[in-house]
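Novice: Okay, here's what each chain looks like letter by letter:
There are 2 protein chains.
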Amino acid sequence: MSDIQDYIDQHIEAFQEQLFEFLRIPSVSTDRDKRNDVRRAALFLTEQLEEIGLDKVTLHETAGHPIVTAEKMVGEDRPTVLIYGHYDVQPPDPEELWTTPPFEPTVKEGRVYARGASDDKGQSFTHLKSVEAFLKTGSALPVNVKYLLEGEEEIGSPHLVPFIEEHKEALACDMVLISDTAMFDEDQPSITFGLRGLAYMEVHVTGPNRDLHSGVFGGAVENPVNVLAEIIGKLKGEDGVIRIDGFYEDVLPMTPEEREAVKALPFDEEEYKRDLGLTALHGEQGYSTLERASARPTLDVNG
Amino acid sequence: MSDIQDYIDQHIEAFQEQLFEFLRIPSVSTDRDKRNDVRRAALFLTEQLEEIGLDKVTLHETAGHPIVTAEKMVGEDRPTVLIYGHYDVQPPDPEELWTTPPFEPTVKEGRVYARGASDDKGQSFTHLKSVEAFLKTGSALPVNVKYLLEGEEEIGSPHLVPFIEEHKEALACDMVLISDTAMFDEDQPSITFGLRGLAYMEVHVTGPNRDLHSGVFGGAVENPVNVLAEIIGKLKGEDGVIRIDGFYEDVLPMTPEEREAVKALPFDEEEYKRDLGLTALHGEQGYSTLERASARPTLDVNG
Numbered sequence: 202m203s204d205i206q207d208y209i210d211q212h213i214e215a216f217q218e219q220l221f222e223f224l225r226i227p228s229v230s231t232d233r234d235k236r237n238d239v240r241r242a243a244l245f246l247t248e249q250l251e252e253i254g255l256d257k258v259t260l261h262e263t264a265g266h267p268i269v270t271a272e273k274m275v276g277e278d279r280p281t282v283l284i285y286g287h288y289d290v291q292p293p294d295p296e297e298l299w300t301t302p303p304f305e306p307t308v309k310e311g312r313v314y315a316r317g318a319s320d321d322k323g324q325s326f327t328h329l330k331s332v333e334a335f336l337k338t339g340s341a342l343p344v345n346v347k348y349l350l351e352g353e354e355e356i357g358s359p360h361l362v363p364f365i366e367e368h369k370e371a372l373a374c375d376m377v378l379i380s381d382t383a384m385f386d387e388d389q390p391s392i393t394f395g396l397r398g399l400a401y402m403e404v405h406v407t408g409p410n411r412d413l414h415s416g417v418f419g420g421a422v423e424n425p426v427n428v429l430a431e432i433i434g435k436l437k438g439e440d441g442v443i444r445i446d447g448f449y450e451d452v453l454p455m456t457p458e459e460r461e462a463v464k465a466l467p468f469d470e471e472e473y474k475r476d477l478g479l480t481a482l483h484g485e486q487g488y489s490t491l492e493r494a495s496a497r498p499t500l501d502v503n504g
Numbered sequence: 202m203s204d205i206q207d208y209i210d211q212h213i214e215a216f217q218e219q220l221f222e223f224l225r226i227p228s229v230s231t232d233r234d235k236r237n238d239v240r241r242a243a244l245f246l247t248e249q250l251e252e253i254g255l256d257k258v259t260l261h262e263t264a265g266h267p268i269v270t271a272e273k274m275v276g277e278d279r280p281t282v283l284i285y286g287h288y289d290v291q292p293p294d295p296e297e298l299w300t301t302p303p304f305e306p307t308v309k310e311g312r313v314y315a316r317g318a319s320d321d322k323g324q325s326f327t328h329l330k331s332v333e334a335f336l337k338t339g340s341a342l343p344v345n346v347k348y349l350l351e352g353e354e355e356i357g358s359p360h361l362v363p364f365i366e367e368h369k370e371a372l373a374c375d376m377v378l379i380s381d382t383a384m385f386d387e388d389q390p391s392i393t394f395g396l397r398g399l400a401y402m403e404v405h406v407t408g409p410n411r412d413l414h415s416g417v418f419g420g421a422v423e424n425p426v427n428v429l430a431e432i433i434g435k436l437k438g439e440d441g442v443i444r445i446d447g448f449y450e451d452v453l454p455m456t457p458e459e460r461e462a463v464k465a466l467p468f469d470e471e472e473y474k475r476d477l478g479l480t481a482l483h484g485e486q487g488y489s490t491l492e493r494a495s496a497r498p499t500l501d502v503n504g
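Sequence order for the protein chains is A and B.
Numbering-wise (my numbering), the first sequence opens with residue 202 and increments by one.
Numbering-wise (my numbering), the second sequence opens with residue 202 and increments by one.
So that you can see chain A by itself, here it is in the shape it has in the complex:
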């Protein structure tokens, strides 16, 4: 391993310069005017993957933004790890809240500040550079690696599933490593082995065919705002349990091992509240704050 670590130590400044180049590309996938920038980020990745020495580096066109793949197969007897990441970023608005420009990476107290630095260019890049260190030092990669890098994560990945279905064999793997998660805290790297997923629903409440004066109609005609509030208010019980029939049907119960592992994390509930400016927390009865915030499903109104 020391060759690999030496290589990283020797190249850390170059790596940072390359990461900054990546971060400077405003690859905002929601913004049609930034289509070419999104593409530039994809091209940047293909160049990187080629330079590192990966095989079958390919930029795949989609009806939206490109998908980039590459691989390095070192032996059929080795497990294959597919690394997923995304090179698109959230819009930087509102720009006035940035203390440094979103697309001009700035280092402050050892941290890199830029749009996409932690979502997901920084992480993706780590997973490129770690493989580079193996290949460039002639060290044997312990696993086969495949890369799947998309540019539509921030818009719901509309072309990813069809792409995966179409390239099932080429993407076949034993394990998927998602480079789009977070550390538990600064000094506590984490292995995230499951995510809660997301299901959106937009509820429309239809009321009378015109605005009504509460003095003339109030009390006799249902007020859509009151009705919507009532519906939302009934979604959870006082015990924090979601009361929609079947909501928990496909939710796996936490195993005793998982609950122990969560318990073992260095979590300070008082500090958590202080940080959020809260005096109280509330959630599903029978679960700790960390279990509520990570393993248990939730239901929130967004907007």
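Think of the hints as simulated: they come from the structure by calculation, not from any bench.
There's no promise every hint is true.
FRET-style restraints, in silico, Cβ to Cβ [stated by the list, open to error]:
1) 264(A) to 291(B): 46 to 52 Å
2) 449(B) to 298(A): 33 to 39 Å
3) 462(A) to 443(B): 44 to 50 Å
4) 308(B) to 298(A): 51 to 57 Å
5) 403(B) to 475(A): 25 to 31 Å
Covered stretches of chain A (in silico footprint by chain B; criterion: 3 or more residues with CB under 8 Å from a CB of chain B, positions within the stretch not fixed) [claimed, not checked]:
6) 429-437
7) 483-497
Fair warning: this is a prediction, and the values are worked out from it, not measured in the lab.
Yeah, the Cβ is synthetic: ideal placement off N, Cα and C, and Gly gets one too.
Chain B: place on chain A using the hints.
Specialist: Okay, now just chain B, sitting in the frame of chain A:
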């Protein structure tokens, strides 16, 4: 009475012209740029009151828009009726929804269309012209009349109560006639003997000190939107009864006579629903739709 009716018949066109002049004044009390127009409406009324032959016609300055008073005392043995009205109007926005200009009165199928025609210039004007018909024909007024006409009804009448307190004696009366109500329907004039009144409350729900990602904090931290919905949703029970402690404390129960009177009104619930585009009505259990819409208090979210 025939003199009076003759006088009205002979002057009906002149009355309409005068009303139109009144309606043309854009006396929008919410709009600071319309201060002079609001004042013009007050001056128009003082001129009218003087012409009719009322006594003590006075335009009172307030910290806001003026209050106009006048009286005709015909005998200490007669009861005194105070007529209240307001000469300010709601803003005409959105102007594009008007099919004729809001401040250019237009007659269509016997109805006058203009901002303020039915709230409250039309009604106030009726109560001026009826007294004019008595005084100009030398007919004995059966009651003493006093007028109290304000220009801040549409902004919550901030200067009316202090004014009334200050002029208690001058305004003393046996009965108040509010000229700011509606007819039950086109062929059914109404005596409105009570109004529900209005109490506003703005509820703020304070949550964490910043926007939180539902994937990271959801379920562990109360979401202010969910909490607000829950609060609103709990304000009424399934039976439509408002569940705030003490809410009904000062509400007079309807008398059997009142309930009979409401029942006697020609009200077609099916037509009411059809007109509003509704398939169902809902409200406080134990009361009819008309009782719910008129006599019983309600609680609605506004916005």
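Novice: The structure should be examined with respect to each hint, and the outcome stated for every one.
Specialist: Against the structure, the hints:
no. : hint                         : in the structure
1   : 264(A) to 291(B): 46 to 52 Å : 50 Å, holds
2   : 449(B) to 298(A): 33 to 39 Å : 48 Å, violated
3   : 462(A) to 443(B): 44 to 50 Å : 48 Å, holds
4   : 308(B) to 298(A): 51 to 57 Å : 56 Å, holds
5   : 403(B) to 475(A): 25 to 31 Å : 29 Å, holds
6   : 429-437                      : holds (count 9)
7   : 483-497                      : holds (count 8)
The structure does not agree with numbered hint 2 stated previously, though it agrees with all others.
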